[in-house]
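Trainee: Given chain A's structure and the hints, the job is docking chains B and C onto it.
Chains A, B and C are the protein sequences, given in the same order.
Letter 256 of the first sequence, counting from 1, is numbered 255 in numbering that gives the first Met the number 0, and no numbers are missing.
Letter 7 of the second sequence, counting from 1, is numbered 6 in numbering that gives the first Met the number 0, and no numbers are missing.
Letter 251 of the third sequence, counting from 1, is numbered 250 in numbering that gives the first Met the number 0, and no numbers are missing.
Worth flagging that the hints you see were computed from the coordinates, not collected in a lab.
All values derive from a computational prediction rather than experimental measurement.
Mixed in with the good hints, there may be bad ones.
What the simulated footprint calls covered on chain A by chain C, stretch by stretch (three residues with Cβ under 8 Å from a Cβ of chain C suffice, anywhere in the stretch; the number is not a length) [as the list claims (entries may be wrong)]:
1. 35-44
2. 141-148
3. 214-224
4. 279-288
Don't be surprised by glycine CBs; every beta carbon is placed ideally from N, CA and C.
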Amino acid sequence: MSTLRSILLRRESGIAVMIVLFCLAVGSVKPQFLTLDQLRIILLLTPLIMIGAMGQMLVIVARHVDLSIGSMLGVSAMVSGMLYRYVEVMPWWAGLPISIAVGATLGLGNGLLITLFRLPAIIVTLGTLSLYRGLTFIISNAKQIDRQYIPSELKALSQTSPIFGIPWIIFIAFGVAILTYLFAMHTRVGRQIFALGSNPVAAPLRGIKVTQVTLLVFAISGALSGLAGILYASRWGFVNPSNTGAGFEFQVIAAVVIGGASINGGVGTVLGTVLGVLLLGCVAAALPLLGIPGTSQAAIYGAVILIALVIDRSVRRQGIVGLKRAGA
Amino acid sequence: MSTLDTTPSTPVTPRWQTLLIRPETMTFLLLVVGIFAGSQLSPFFLDINYILKSFTLYSELAIVALILTMVIIAGEIDLSPAANMALSACLFAWAQASGIPMPVAIGIGLAAGLLMGLLNAWMVISLQLPSIIVTIGTLTLYRGLAQVIAGDKSIRVPEWFIGVDKIMILGIPLPVVLFIVLALVLAVILGGTIFGRQIYQIGTNETAARYAGIRSARIKFSLFLLIGFVASVAGIMTASRLGSVRYDLALGGELQMVLMAMLGGTYIFGGRGTILGTFLAAWLLVVVSTGMIVANVLPAVQLVVLGGLLIVAIIATNLIYSRTQR
Amino acid sequence: MAADPLKIVYIGKNTGNPYFDSITGGFEDACKSLGCEFEFVAPATAEATSQIPFIEAQIQRGVNVIGIAPNSPDALNQVLADAKAKGILVLTVNGDITGNEQYRDATILPVNFDIVGRDQVEMVGSLIGYEGEIAILSATTEAPDQNKWIVGMNETLKSDPKYAKMSLVATVYGDDQPEKSTTEMEALLSNFPNLKGVIAPTTVGIAAAAQVVQSRGIADKVAVTGLGLPSEMRDFVKDGTVKAFQLWSPYNEGWLAVHFAKGVIEGTIKNEVGSTFEVPNLGTITINANNSINTQAELTTFNAENIDQFDF
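Looking at chain A on its own, in the form it has when it is part of the complex:
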């Protein structure tokens, strides 16, 4: 009985219920929303956000935030795109490690600025959001990488399927989620991220190397943005210096916050984040089906973030009263 109760009280069940209710509500108006075909559409909307959200979740758990992920996505996709364009011998899969490496480097850059100069992540990544975007324009000379330069094997990742007609890209996204789960829950460093986020002051006393852990978290966020970047090229078949990755940070942060990660650090689960991503995917897929103009999408996202914040607060208030901030 108590196990059931604790499952029901978990944040994840709340989101799962929201997803089910939302889908049933939309399905009652548009029955085709409850088909396997629609599930495919929803899943195909989410892989990039899911990959970005795994990195962002770790960053938020460590009590930071990374606003530069969209621009890191842009740079790393552009680097691979340029290589595909100019280096004919480059094998199609080489873009994956290259983009991940570029993203990790940029993320490490964020982490270094934050740790070396003890700067707040929000301002640093606001700066690199603009700086990295500028970099994308400069390396590409403001030219788009067209479809013909993206290898067809890479594009096939988003279209062909190993099993059940589910494209590779979705398996990659869920694979990243499972790896993140294993890393966060079952490695020492992973647990240290949570310890660091829940009490940054006490962390060094517990033998946590704050600098290294922070650097690692931002490097992971960058690397996953890089992976999302090469998969952007796969999914959409082009890389554009201004559009690719623009606004990515808002979708990802929305998903992570909806998924229950606390902006006060120390709290966040992979399952919750995955559900948060899926909820956003359902909303995005339902709007055009219902004929709601895309112009209302941003307002809905904003409202969802704020509602999630308020829910998060009331949950915490009833749950862990003792942890209420001293300043509150």
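Mentor: Below, chains B and C without anything else, positioned relative to chain A:
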């Protein structure tokens, strides 16, 4: 200067030195460098009328940045004012376009701005949620609502209402005059009144401030209301300058505003900063941006320079404060 | 010493937009052959006001001609008025400020936009055998050019008995974003299982629609056509996803703009409705109502046979 250094060290640093390591001095020097670099980049840059005209394009953001400086000094942040400008301007334009008399329409716009400030204040102060995430949420919501109201359409304002930037006072465009006057008033309030001192104390140590009898919640609440209101004024001014309103008015303006405050030496963790710094930084930003635009520098380079400036400014401010204090 | 060379600047919607590379190419080549100075500038993003500081800067630089692809039909009015007051020739190229024509001297458009809707309906009709359900996937709800073409499509479908068996079931908007265009296209296919054809009169929309059809493998059931860039559509045409689509030559817009501007400033061309002038490679050009100039009479159709001849 080495002769000065040989004098027996006393705990009192000479006045020139305290002046020199103030962040505003850095901003001022950067401004001088910026003007020099601009004149080297393009022969068309050094023209006071052109610079004033260019400043009007940023004046609305600069006006809000002055209030944002106070919010940051009080230990909070607001990323939503640019979206607030768009939503209040859209509501105002939509109201007057549907036949509501102009004064009432302006009232609607201003009330909307106040209401948006109220929502931020309520979530940050009453619900004690972190302002950074709250205002990222309201930033998305406000601009989204502007898009719901106006769609992708632009809404015209009447011909007579257009051109606040064409009104000249002593040869200076009205928005720039407003910015200068507001900066003076706020500088006096922040630097010379008890209310101003209290804002600094809240930002330095809110718990201590509260024990000292400062009503920190009330003061922060009023700052959020103020920035909401001023953002709506700025939005309506923008509408008058452009002659039409679309949901993407001042898109990305939050970066510029934060940049102005940071470049001016406002400390992101609160407790320090001055209006003078933000005032100088606004000019610096305009000089740098227009200097690059008139020299036909790639917009990409401009993005890199602006992002780089933000990071350099915050590193410098942090270093300066960590050396002067503790 | 001869007079200073004519200084021409073209302000694009935003940088990184492949469409403008081709227009800029036309400007550059014409300036080279006529001895003008040319610069291309564009803001990083395409919001309504982002072009204003760029126009101010060009006024300050003392250019003679500003060509611009306006990001807003009215937000630029004040600054364009300033430019005209300084004696600068203001041309809108590849998009007009409809309703505010007094703020520019002339507009250069690729074709007469009145015929685009008609031609596109004929195109999709020929692909689906003039029978069945069709839908439109457009840019933003307020995109002025697209809306004009959509009006033309609706009128053609209603008035011409040739298309009596075709029914337009939906008009949706992908906001010129690939993600949004894709979800709208997927929604069209779910909502209208009998859909036979889709017209996407926007380069982003047609590529997204083609990709959906390609990944679902339903090219034989749903015909995608519209307006697209050959460079972006080449793969889809070659693998049979898209049989044919249309556009014009953006290059010629730049080419014509420079010849026109130089002629007007040197007094050899009268910028009046009805007057004509010669442009190398393009022949005789007439200035139409509203000082509107077109580079070509008909849309160019691209298909598997000719697509490799176009490199933009």
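Trainee: Compare the structure with each hint and give your call.
Mentor: So, going through the hints one by one against the coordinates:
With 4 residues having a beta carbon nearer than 8 Å to a beta carbon of chain C, the segment 35-44 of chain A meets the requirement of three or more and the stated coverage holds. Coverage of the segment 141-148 of chain A by chain C holds in this model, with 6 residues showing a Cβ closer than 8 Å to a Cβ of that chain against a need of three. Coverage of the segment 214-224 of chain A by chain C is violated in this model, with 0 residues showing a Cβ closer than 8 Å to a Cβ of that chain against a need of three. Look at the segment 279-288 of chain A against chain C: 5 of its residues bring a Cβ nearer than 8 Å to a Cβ of that chain, three or more, so the hint holds.
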